[in-house]
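Asker: Protein chains in written order, with our numbering: chain X, 1 to 171; chain U, 1001 to 1171.
Be a bit skeptical, because a hint or two may be false.
Cut-off 27 angstroms, straight-line C-alpha distance, at most; resulting in silico cross-link-like pairs (DSS-like, lysine-lysine) [stated by the list, open to error]:
1) U:Lys1021 <-> X:Lys82
2) X:Lys82 <-> X:Lys154
3) X:Lys154 <-> U:Lys1082
4) X:Lys15 <-> U:Lys1015
5) U:Lys1109 <-> U:Lys1021
6) U:Lys1136 <-> U:Lys1021
7) X:Lys136 <-> U:Lys1136
8) X:Lys136 <-> U:Lys1154
9) U:Lys1021 <-> X:Lys15
10) X:Lys136 <-> X:Lys79
11) X:Lys82 <-> X:Lys109
12) U:Lys1109 <-> X:Lys79
13) U:Lys1021 <-> X:Lys109
14) X:Lys136 <-> U:Lys1109
15) U:Lys1079 <-> X:Lys82
16) X:Lys82 <-> U:Lys1109
By construction, these hints were calculated from the structure, which means they are not laboratory data.
There are 2 protein chains.
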Amino acid sequence: MDLASFIRDVPDFPKPGILFKDITPLLAHPPAFRESIHRLVEHFRDRPVDAVAAAEARGFLFAAPMAYLLERPLIPLRKPGKLPYRTFNFAYELEYGQAELQVHIDSIKPHARILLVDDVLATGGTMHAGCRLVEKAGGQVLACAFLLELGFLKGRERLRDYEVFSLIRYD
Amino acid sequence: MDLASFIRDVPDFPKPGILFKDITPLLAHPPAFRESIHRLVEHFRDRPVDAVAAAEARGFLFAAPMAYLLERPLIPLRKPGKLPYRTFNFAYELEYGQAELQVHIDSIKPHARILLVDDVLATGGTMHAGCRLVEKAGGQVLACAFLLELGFLKGRERLRDYEVFSLIRYD
């Protein structure tokens, strides 16, 4: 199945000149969504994944079925003010201003090997922050997995300290 | 399995006097997460579910594995500025100020029967907005499904026009 055929190009979003890759047609097509989840899971099936983590919100759409199928803990990485218990925090720079991710202090066991998941690898800023947060919380990054990768934005360079896997790649 | 034993009470979140029901221990326990998903899916297995929808972000954690297992389209209901294509919008009142949910105009087929999913039914404000948005987009609400329900907040009254199902109930 050509998963890329379920990705829709939307011009000028979120601002003029940007060609946005819209994953909602893939979500709307059960065989394509199923195949995406299966390919991601199969790639890591024999790896020592201790838990699956994802930053909100779209990352949850892929991480949750993967955690379900791999039978591993599902760890949400969230924006400030969302997690009720005590957290580790990691602040990072975005194109405009600062952002922060948080994780509960008891979510990640010491040296646990974490598979981080998101839908799209663009510049890699959010995923890089997620990796650093996992490490701050005492875990290890096993790999970063994506449905699709915008190669020309060089997210892999930003994530060069980590293993990166994606199902669809635009160069 | 007593799913309620995987819900953690966090006092004074998000503000003093509120006892927050934290679902992250359930997400962190694969058999409990699996059982939650299975019970939700089994309840609707023989019903005419045409698609599964959820508002970001925590709703995605349950809706995505449910859509996967039911082999139905997964429809994200999102906050403004997140969906790249043309949208239907529904604005609603929160305790402090206004909020809005959006859905792509091509996500919901005419008269499609939609199962809406979220983690927690509190006052029902967001779910009610999700139901109205589904209707505005031309769909029908089959039911609203939750992991847990805070009965004392009377969300069922807010959702009285719809079928409501929850796995865990606090009165």
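Asker: Next step is simple, just say for each hint if it's right about the structure.
Answerer: Consistency of the hints with the structure:
Simply put, Lys1021 of chain U and Lys82 of chain X have alpha-carbon atoms about 12 angstroms apart, close enough for the 27 angstroms limit, and the pair holds. Using a Cα cut-off of 27 angstroms, the hinted pair Lys82 of chain X and Lys154 of chain X is violated, with the two alpha carbons roughly 30 angstroms apart. With a C-alpha separation of about 23 angstroms, the suggested pair Lys154 of chain X and Lys1082 of chain U falls inside the 27 angstroms cut-off, and the hint holds. For the suggested pair Lys15 of chain X and Lys1015 of chain U, the alpha carbons sit about 36 angstroms apart, so the restraint of at most 27 angstroms is broken.
Distance check on the hinted pair: Lys1109 of chain U and Lys1021 of chain U sit about 35 angstroms apart at the alpha-carbon level, beyond 27 angstroms; violated. Distance restraint check for Lys1136 of chain U and Lys1021 of chain U: the Cα-Cα separation of roughly 31 angstroms exceeds the 27 angstroms cut-off, and the hinted pair is therefore not satisfied. A C-alpha spacing of about 45 angstroms is found between Lys136 of chain X and Lys1136 of chain U, which places the hinted pair above 27 angstroms, so the restraint is violated. Distance hint between Lys136 of chain X and Lys1154 of chain U is unfulfilled; the C-alpha atoms sit about 40 angstroms from each other, more than 27 angstroms.
Straight-line distance between C-alpha atoms of Lys1021 of chain U and Lys15 of chain X comes to about 38 angstroms, which puts the hinted pair past the 27 angstroms bound. For a cut-off of 27 angstroms, the pair hint linking Lys136 of chain X to Lys79 of chain X stands: about 16 angstroms separates their Cα positions. Between the alpha carbons of Lys82 of chain X and Lys109 of chain X the distance comes to roughly 21 angstroms, so the proposed pair stays at or under 27 angstroms and holds. Our distance criterion of 27 angstroms between C-alpha atoms is broken by Lys1109 of chain U and Lys79 of chain X, whose separation comes to about 33 angstroms.
Distance hint between Lys1021 of chain U and Lys109 of chain X is fulfilled; the C-alpha atoms sit about 22 angstroms from each other, no more than 27 angstroms. With a CA separation close to 45 angstroms, the supplied pair Lys136 of chain X and Lys1109 of chain U exceeds the 27 angstroms bound. Taken as a hint, the Lys1079 of chain U and Lys82 of chain X pair is honoured in the structure, with Cα atoms around 15 angstroms apart against an allowance of 27 angstroms. The suggested pairing of Lys82 of chain X with Lys1109 of chain U is violated, with an alpha-carbon distance near 33 angstroms, which exceeds 27 angstroms.
Checked against the numbered hints above, the structure breaks hints 2, 4, 5, 6, 7, 8, 9, 12, 14, 16 and satisfies the rest.
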